[in-house]
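Which chain is which? The protein sequence lines are E and S, in order. Sequential numbering of the first sequence, starting at 141, is according to this note's numbering. Sequential numbering of the second sequence, starting at 391, is according to this note's numbering.
In short, the hints are calculated from the structure, not lab data.
In silico lysine to any residue, SDA-like type, Cα no more than 20 angstroms apart, as pairs:
#	chain 1	residue 1	chain 2	residue 2
1	S	Lys703	E	Glu187
2	S	Lys549	S	Gln607
3	S	Lys627	S	Leu637
4	S	Lys402	E	Ala295
5	E	Lys305	S	Ser405
6	S	Lys402	E	Arg294
7	E	Lys305	S	Gln403
8	E	Lys230	S	Arg655
9	S	Lys439	S	Ala428
10	S	Lys703	E	Glu277
11	S	Lys402	E	Ser292
12	E	Lys230	S	Pro516
13	E	Lys230	S	Glu520
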Amino acid sequence: MSITPYASAEEDLEQLRRGCTAALRRIFDRYYPELVAAVFYYTSDEESSKDIVQEVFTELWIRRQTLNIRLSLGAYLRRAAINRALNYLKTRQRYQFHDDTTPWQDLADLSEHDRQWKEHQDDLEMQLRHAIEQLPERCRIVFMLSRFEGMSHRAIAEQLGISVKTIENQLIRATRLLRQALESHRYLPVIVLLWIKYGLGQ
Amino acid sequence: MSHAELLLLLHKQWSGEITPEEQERLEGWLQASPEWAARAALYRLIWEKASPPQTTWPEMDLDAEFDRLLARIEAAEAQRQAAQRVKRVFIGQGWRVAAAVLLLFGVVWLVRPRPTPETISVQALPPLPEREMRLPDGTLVHLRQNATLSYQPETFARKERRVRLQGEALFTVRPQARKPFIVENAWGAEVEVLGTQFDVRADSDQLMVLVCEGRVQLWPQGKNSGKGNVVLQVRDKALCKKGEDRLQIVKIPFHLNDLAWRTHRLDFRNEPLREVIAALEDYYKADIEVQPPSMLDCRYSGHYYLDTLDLEKMLRGLCRIYRFQAQKLSSVHHRLTGGSCPGR
Numbered sequence: 141m142s143i144t145p146y147a148s149a150e151e152d153l154e155q156l157r158r159g160c161t162a163a164l165r166r167i168f169d170r171y172y173p174e175l176v177a178a179v180f181y182y183t184s185d186e187e188s189s190k191d192i193v194q195e196v197f198t199e200l201w202i203r204r205q206t207l208n209i210r211l212s213l214g215a216y217l218r219r220a221a222i223n224r225a226l227n228y229l230k231t232r233q234r235y236q237f238h239d240d241t242t243p244w245q246d247l248a249d250l251s252e253h254d255r256q257w258k259e260h261q262d263d264l265e266m267q268l269r270h271a272i273e274q275l276p277e278r279c280r281i282v283f284m285l286s287r288f289e290g291m292s293h294r295a296i297a298e299q300l301g302i303s304v305k306t307i308e309n310q311l312i313r314a315t316r317l318l319r320q321a322l323e324s325h326r327y328l329p330v331i332v333l334l335w336i337k338y339g340l341g342q
Numbered sequence: 391m392s393h394a395e396l397l398l399l400l401h402k403q404w405s406g407e408i409t410p411e412e413q414e415r416l417e418g419w420l421q422a423s424p425e426w427a428a429r430a431a432l433y434r435l436i437w438e439k440a441s442p443p444q445t446t447w448p449e450m451d452l453d454a455e456f457d458r459l460l461a462r463i464e465a466a467e468a469q470r471q472a473a474q475r476v477k478r479v480f481i482g483q484g485w486r487v488a489a490a491v492l493l494l495f496g497v498v499w500l501v502r503p504r505p506t507p508e509t510i511s512v513q514a515l516p517p518l519p520e521r522e523m524r525l526p527d528g529t530l531v532h533l534r535q536n537a538t539l540s541y542q543p544e545t546f547a548r549k550e551r552r553v554r555l556q557g558e559a560l561f562t563v564r565p566q567a568r569k570p571f572i573v574e575n576a577w578g579a580e581v582e583v584l585g586t587q588f589d590v591r592a593d594s595d596q597l598m599v600l601v602c603e604g605r606v607q608l609w610p611q612g613k614n615s616g617k618g619n620v621v622l623q624v625r626d627k628a629l630c631k632k633g634e635d636r637l638q639i640v641k642i643p644f645h646l647n648d649l650a651w652r653t654h655r656l657d658f659r660n661e662p663l664r665e666v667i668a669a670l671e672d673y674y675k676a677d678i679e680v681q682p683p684s685m686l687d688c689r690y691s692g693h694y695y696l697d698t699l700d701l702e703k704m705l706r707g708l709c710r711i712y713r714f715q716a717q718k719l720s721s722v723h724h725r726l727t728g729g730s731c732p733g734r
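Make the full structure from the sequences, and use the hints.
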């Protein structure tokens with residue numbers, strides 16, 4: 141059996157099932173950095189992010205023969221990594237996740253950050269990305285799960301072990317905070333107008 | 391409609407969880423009021439334009455990371471095989487097979503040389519801070535991160551309950567008359583109890599035993615060494631070094647700061663700052679430098695619930711009290727400089 145360095149994800153997976161560590165290495169090289177980055181945005185801790193993704197790959201190897209991957213390999217690994225990250229958050233932050241009294245002070249730094257940042261870049265998406273990073277931690281995690289991981293409110297609630305009501309409150313709060321953060325944007329009214337006029341139908 | 395209600399319905403719509411009635415209600419509202427429609431449009435813009443944070447990691451040594459993965463896989467596979475071997479014995483396919491296997495085992499048992507006993511090892515791997523497990527006798531063990539506990543399932547609880555520990559663990563031993571529970575470390579020191587709660591930290595060259603409840607016997611060189619043992623009472627903390635007969639035993643004060651890894655709580659009553667720094671270093675596995683060192687004699691009172699605080703928040707608190715300048719040298723290395731004791 142020849143092993144080309146450019147095997148496709150399916151070929152790699154097939155070779156992985158047969159116990160080929162070179163295939164594991166290729167899958168690792170392809171996905172590890174982006175998975176660590178994705179997990180980092182939930183855990184905010186570099187070392188645990190690496191450990192979490194390492195565990196995902198360990199599981200991938202150990203269960204290689206019984207794996208039932210319905211999504212693509214990349215999507216499967218991402219979902220596994222995010223789930224693990226959430227379990228980790230659940231054990232690490234039981235208490236933080238339950239109390240709902242986090243002050244909104246995290247937003248205080250935003251305007252100054254904003255001004256600096258706007259000197260370099262005045263682009264809605266960038267500003268939005270920045271605003272998301274500045275959201276209070278729980279708020280940000282719930283928003284990202286809903287927006288970027290495509291999880292339903294119920295699924296998020298189950299994963300984090302909190303009520304659907306709390307999830308919805310966090311989402312409402314997140315969008316409000318994002319709107320507030322964007323209000324300093326010079327062209328926002330224009331963008332909204334144009335977007336309503338031309339963008340909605342797409 | 392309230393603002394919150396609008397946002398709730400929008401979010402339900404975006405996640406596909408909106409009911410037909412809610413959908414109808416939302417659309418009715420938006421059509422009736424251009425103001426609400428404009429607000430909804432703004433929120434929809436925010437939702438659609440939100441893009442995930444950057445997904446590349448600046449610098450990573452993939453070779454080193456992959457080596458780490460291989461080591462982890464090796465450990466996981468060894469642990470799994472040990473667990474499977476036990477399972478295979480018990481999960482037969484019906485009585486006939488079981489009986490045949492049993493007979494075969496019996497015969498093999500008689501003729502073959504004594505096999506090396508099988509060992510089960512349980513490890514508390516990062517990123518979880520600790521791991522809880524129950525031994526076959528019902529004893530509860532909390533393993534601290536990176537600790538390894540091993541025992542031989544075949545002989546465990548035959549005459550005595552014996553486990554080997556590397557790292558730190560808190561044992562809550564289920565009492566069993568005439569079956570002592572024994573923890574040994576790498577160099578053969580043994581800690582024996584009947585039913586109690588105690589913490590053991592077995593580092594490569596030092597052993598620490600702390601008794602929370604009941605009594606514990608400690609043989610610094612092992613039971614069979616012919617050297618003596620010590621009996622430890624509640625709130626005794628014993629330290630012994632490899633190759634030394636002498637023990638250091640102290641009564642621990644009112645608090646259980648030594649068990650912060652388990653209780654996530656630290657208490658100080660007018661104690662020198664040096665104690666606070668040492669406890670934080672141990673809990674967070676970090677290095678905290680204080681300059682000038684004379685500041686370590688300042689007194690401190692207070693308590694912390696650590697599971698809701700990270701190290702940086704803790705240090706910011708200390709900075710406020712003692713007017714330190716904090717400097718983060720790496721994620722696990724901090725330096726506090728300057729400062730003065732309050733009230734001096």
